[in-house]
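Peer 1: Single-letter residue listing:
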Amino acid sequence: DAGITQSPRYKITETGRQVTLMCHQTWSHSYMFWYRQDLGHGLRLIYYSAAADITDKGEVPDGYVVSRSKTENFPLTLESATRSQTSVYFCASSEPQLWGTEAFFGQGTRLTVV
Amino acid sequence: GNSVTQMEGPVTLSEEAFLTINCTYTATGYPSLFWYVQYPGEGLQLLLKATKADDKGSNKGFEATYRKETTSFHLEKGSVQVSDSAVYFCALTSGSRLTFGEGTQLTVNP
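Chains A and B supply the protein sequences, listed in that same order. Take the working numbering: the last position of the first sequence gets the number 443, and nothing is skipped along the way. Take the working numbering: the last position of the second sequence gets the number 215, and nothing is skipped along the way.
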């Protein structure tokens, strides 16, 4: 199916465990992003990538690791999960345009750290 | 840096009421402005956008005008429906990174 897909949709993990959230897009967009959504904070950028093997920090990168070995995949890893990382995580992709670059979002992963 | 401020929610309206959700921004250069909508249990999807001053974006009865003099991009709809119940996000991009407001929860009652 064309589009951007995230997996899993729901995940419960324990404090201290490593967990990886997957993101796959079929458009070959250059840019990919990871956001977290929390009540009162809107969407905050965790990491983004401008191309394969190029990644950069966003607003809230601490405790997260990303990689982008292939253009279509952009996994997000929580190295040692903490309760403060309980959130809804959204992956997005975009292809830069001169004006008005639109981002396309996945359906989100709801992560609970207990 | 760039920032977006939305009116605080939640907003509750009756069907066929007029909707305004305020959005103001701070940015360097000439940003593009967006409204995204998030329906329950789903990701964000683009509702409308405007790329330069005085542009009006419109879609599904929603409108917003890019006002550079007031740094605003308020969302309006003349007659809301129950199906418009969702969270609305104002956003801007300068380059390839989107900056979002906090979101406004809209509930429309029949």
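Source of the hints: derived by calculation from the structure; they are not laboratory data. Quick caveat: nothing in here was measured; it's all calculated off a predicted structure. All residues carry an ideal CB built from backbone N, CA and C; glycine is no exception. Hints may contain errors.
Stretches of chain A that chain B covers, calculated by requiring three or more beta carbons in the stretch to come under 8 Å of a beta carbon on chain B [what the hints assert, rightly or not]:
hint, region
1, 346–358
2, 393–404
Quick list of the computed label-pair ranges, beta carbon to beta carbon [what the hints assert, rightly or not]:
hint, chain 1, residue 1, chain 2, residue 2, range
3, B, R172, A, T441, 17 to 23 Å
4, B, T117, A, S357, 24 to 30 Å
5, A, I341, B, S119, 17 to 23 Å
6, A, V443, B, E113, 47 to 53 Å
7, A, S359, B, T131, 36 to 42 Å
8, B, E181, A, G392, 26 to 32 Å
9, B, G106, A, T415, 24 to 30 Å
10, A, I383, B, S119, 45 to 51 Å
Peer 1: Hint by hint, note whether the structure agrees.
Peer 2: Against the structure, the hints come out as follows:
1. Coverage of the region 346–358 of chain A by chain B is violated. Counting CB-CB distances below 8 Å, 0 residues qualify, and the rule asks for three or more.
2. Proximity of the region 393–404 of chain A to chain B, defined as three or more residues with a beta carbon under 8 Å from a beta carbon of that chain, is not established by the 0 residues found.
3. Between R172 of chain B and T441 of chain A the Cβ separation comes to about 41 Å, which falls outside the hinted range of 17 to 23 Å.
4. Separation of T117 of chain B from S357 of chain A is about 42 Å and departs from the stated range, judged on CB atoms against 24 to 30 Å.
5. The beta-carbon spacing between I341 of chain A and S119 of chain B, approximately 39 Å, falls outside the hinted interval of 17 to 23 Å.
6. Between V443 of chain A and E113 of chain B the beta carbon distance is about 31 Å. The supplied range of 47 to 53 Å is therefore violated.
7. The hinted range of 36 to 42 Å is not satisfied by S359 of chain A and T131 of chain B, whose Cβ atoms lie roughly 27 Å apart.
8. Between E181 of chain B and G392 of chain A the beta carbons are some 40 Å apart, a value that contradicts the proposed interval 26 to 32 Å.
9. One distance hint, 24 to 30 Å for the beta-carbon pair G106 of chain B and T415 of chain A, holds here, with the actual separation near 27 Å.
10. In this structure the hint that I383 of chain A and S119 of chain B lie 45 to 51 Å apart at CB holds, the actual value being about 49 Å.
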